[in-house]
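K.L.:
Sequence:
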Amino acid sequence: MLAQSTGIMSIQTIAEYRVRPEGVAAVKQAIEEFVPWVTKNEPGTRMYIAWQHHEDPTRFVHFFIFENEAAHRAHSQSDAVKSFEAAYRPWLAGGGVTFTDYKAIATNQK
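Residues in the sequence shown are numbered consecutively from 1484, following the working numbering.
Everything labelled a hint here was simulated from the structure, so no lab data went into it.
There could be a bad hint or two in this list.
[Stated by the list, open to error] Label-pair ranges, simulated between beta-carbon atoms:
| no. | residue 1 | residue 2 | range |
| --- | --- | --- | --- |
| 1 | Ala-1509 | Glu-1552 | 12 to 22 angstroms |
| 2 | Glu-1568 | Pro-1504 | 18 to 28 angstroms |
| 3 | Arg-1572 | Pro-1519 | 18 to 28 angstroms |
[Stated by the list, open to error] Calculated cross-link-like contacts (lysine-lysine; reagent style DSS-like; alpha-carbon spacing at most 30 angstroms):
| no. | residue 1 | residue 2 |
| --- | --- | --- |
| 4 | Lys-1523 | Lys-1586 |
| 5 | Lys-1523 | Lys-1565 |
| 6 | Lys-1565 | Lys-1586 |
| 7 | Lys-1511 | Lys-1565 |
| 8 | Lys-1586 | Lys-1511 |
| 9 | Lys-1523 | Lys-1511 |
Beta carbons are placed, not taken as given, at the ideal position from N, Cα and C, and that holds for glycine.
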């Protein structure tokens, strides 16, 4: 009863993408600059985690939880997101970014 216990219907999203090998360092740097900005400037973004695949460093996954649709929209429309997209898009390989929304049904987080 995660959503009911908080009284808010949060939005959980996973973004997945691959970059060309020569772009890995640039993308990691952009992530390392972007995520602290989100933490500082987006109170409605409850969680933002970026992962790099252990065996294939060209693969990245970002997991984020938005408090509500307004927080999701504010994030999506921010200048910081536009700058981050400009940093990783030139390096994308094998297609674009796949965004998938999920509904939490259980957690061990409080």
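K.L.:
Determine for every hint whether it applies to the structure shown.
P.N.:
Hints and how they fare:
1. Ala-1509 to Glu-1552: 12 to 22 angstroms: violated, 32 angstroms
2. Glu-1568 to Pro-1504: 18 to 28 angstroms: Check passed, 20 angstroms falls within 18 to 28 angstroms.
3. Arg-1572 to Pro-1519: 18 to 28 angstroms: holds, 21 angstroms
4. Lys-1523 to Lys-1586: Status holds; Cα separation ~25 angstroms.
5. Lys-1523 to Lys-1565: holds, 17 angstroms
6. Lys-1565 to Lys-1586: holds, 26 angstroms
7. Lys-1511 to Lys-1565: Holds, at roughly 16 angstroms.
8. Lys-1586 to Lys-1511: Roughly 28 angstroms between the alpha carbons, so the hint for Lys-1586 and Lys-1511 holds.
9. Lys-1523 to Lys-1511: OK: Lys-1523 and Lys-1511 at ~19 angstroms, within 30 angstroms.
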